[in-house]
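Peer 1: All letters in the sequence shown, in the order written, are residues 1 to 167 by the working numbering.
Careful: at least some of the hints might be erroneous.
Here are the simulated SDA-like cross-link-like pairs (lysine to any residue), alpha carbons at most 25 Å apart as the crow flies [stated by the list, open to error]:
| # | residue 1 | residue 2 |
| --- | --- | --- |
| 1 | Lys52 | Thr79 |
| 2 | Lys22 | Thr79 |
| 3 | Lys52 | Lys9 |
| 4 | Lys69 | Val97 |
| 5 | Lys60 | Gln28 |
| 6 | Lys138 | Tyr7 |
| 7 | Lys9 | Asp27 |
| 8 | Lys138 | Leu117 |
| 9 | Lys18 | Asn110 |
Just so you know, these hints were derived from the structure itself, not from any lab.
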Amino acid sequence: MQGRWTYQKITPVTIDLKENLKRLEIDQFHLVDMALLIGTDYFPGIRNIGPKHAYKFIKKHRFIENVIKEEKGSYDFSTLNSEVIASVRKIFLLPEVLMDYTNLSWNYPNEQQTLNLLCEDHHLNRERVESNLKKLTKNYEKCQVFFSNKTRNPNTKQETFDSIFST
């Protein structure tokens with residue numbers, strides 16, 4: 001039904017990487033090799049290899065290069081070459097991390113475009129969208145004040161976003 005939403009509270013599940021890697025008896029390097037076999041945003045994976053087979057192969061052969069060597073008769077690894085393996089490993093194991101955030105900017109919310117997108121195009125409830133847009137613009141203004149004060153009066157104490165929005 002258009003324009004009608006039901007709200008259902010969802011409790012997020014926390015997944016601890018170290019705990020699960022220990023339980024599976026693999027490390028992060030092996031997890032990336034499994035991801036290559038299954039598929040990622042950067043490589044589509046190997047046909048007919050899902051999570052169970054990938055885990056079994058990595059446990060048995062330890063590295064994707066060994067999996068390719070030992071399982072080449074059963075699967076088509078032609079798209080998975082050493083360049084692809086190296087580039088995907090680099091993305092996941094040595095990601096580029098921005099240390100300087102001086103060029104980040106947050107523009108004032110465009111209320112009309114937001115309303116058109118959410119209410120006209122996606123048929124969301126106009127009143128709910130408008131009330132949340134008011135909160136968004138109010139918090140935008142609070143952030144502007146907060147960060148402008150921070151640049152003028154740098155402080156050694158790190159503050160959280162909760163402290164900004166709690167007032």
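Peer 1: Would you mind marking each hint as holding or not holding in the structure?
Peer 2: To see whether the hints hold, each was checked on the structure:
A distance of roughly 21 Å separates the Cα atoms of Lys52 and Thr79; the hinted pair therefore holds under the 25 Å criterion. Under the criterion of a C-alpha separation no larger than 25 Å, the hint pairing Lys22 with Thr79 is inconsistent with the structure, at around 31 Å. Our distance criterion of 25 Å between C-alpha atoms is broken by Lys52 and Lys9, whose separation comes to about 31 Å. With a C-alpha separation of about 34 Å, the suggested pair Lys69 and Val97 falls outside the 25 Å cut-off, and the hint is violated.
Under the criterion of a C-alpha separation no larger than 25 Å, the hint pairing Lys60 with Gln28 is consistent with the structure, at around 16 Å. At most 25 Å may separate the alpha-carbon atoms for a hinted pair to count; Lys138 and Tyr7 meet this at roughly 24 Å. Restraint check: the Cα-Cα separation between Lys9 and Asp27 comes to about 34 Å, which exceeds 25 Å; the hinted pair is violated. The hinted pair formed by Lys138 and Leu117 meets the criterion: a straight-line CA distance of about 20 Å does not exceed 25 Å.
For the hint linking Lys18 to Asn110, the alpha-carbon distance of about 42 Å lies beyond 25 Å, and the restraint is violated.
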